[in-house]
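Counting with mature numbering (1 follows the signal peptide of the UniProt record, and there is no 0), you get residues -23 to -1, 1 to 111 for the letters of the sequence shown.
You may find that some hints are simply not true.
Straight-line alpha carbon distances no greater than 20 Å define the calculated DMTMM-like cross-link-like pairs of lysine to aspartate or glutamate that follow [to be verified]:
no.	residue 1	residue 2
1	K72	E61
2	K31	E94
3	K31	D86
4	K42	D18
5	K31	D18
6	K31	D17
7	K72	E12
8	K42	D17
9	K15	D5
10	K15	D56
11	K15	E38
12	K15	D77
13	K42	D77
14	K72	D1
15	K72	D86
16	K72	D5
17	K31	E12
18	K72	E106
19	K42	E12
20	K72	D56
By construction, these hints were calculated from the structure, which means they are not laboratory data.
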Amino acid sequence: MRRIAFGLLTALCLVLPVTAAKADPVQDTILNQIEAFKADDFATAFTFASPSIKSIFMSPENFGKMVTQGYPMVHRPADVRMLEQRTISGALWQKVMITDQTGRTHILDYQMVQTPEGWQINGVQLLPEPGVGA
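Full structure from sequences and hints, please.
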């Protein structure tokens, strides 16, 4: 009986963190867009952009060109990690740490907006690298 209870408890502990990690729709939006970029599926990546971003770039092709030229670390990341999520002046921001193909780490800040289609990306800022202290 103890073995069964221990086994169930162990299984529950292993499953809960995975379930909780997948339950964040803001992070899922960002990760889904990055997966679309990795597949060069700019049409799908464009669906995760907010209406204001869509109005600026007008087409998935223009959007894809901007990302490949301006944010190559997002187009072809080696690793993606979600950092803190916070609200600033009423806007929701998600920090993301991306390691590029050369091993260089970048911190990006995604501004998110909720629309009838769900959470969408309203802008991305590449944050400056922290200075080296002596």
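Do the hints match the structure? See the list:
no., hint, in the structure
1, K72 with E61, "6 Å, holds"
2, K31 with E94, "14 Å, holds"
3, K31 with D86, "19 Å, holds"
4, K42 with D18, "12 Å, holds"
5, K31 with D18, "16 Å, holds"
6, K31 with D17, "18 Å, holds"
7, K72 with E12, "17 Å, holds"
8, K42 with D17, "11 Å, holds"
9, K15 with D5, "15 Å, holds"
10, K15 with D56, "12 Å, holds"
11, K15 with E38, "15 Å, holds"
12, K15 with D77, "12 Å, holds"
13, K42 with D77, "18 Å, holds"
14, K72 with D1, "14 Å, holds"
15, K72 with D86, "4 Å, holds"
16, K72 with D5, "13 Å, holds"
17, K31 with E12, "19 Å, holds"
18, K72 with E106, "14 Å, holds"
19, K42 with E12, "16 Å, holds"
20, K72 with D56, "14 Å, holds"
Violated hints for the displayed structure: none, as all numbered hints are satisfied.
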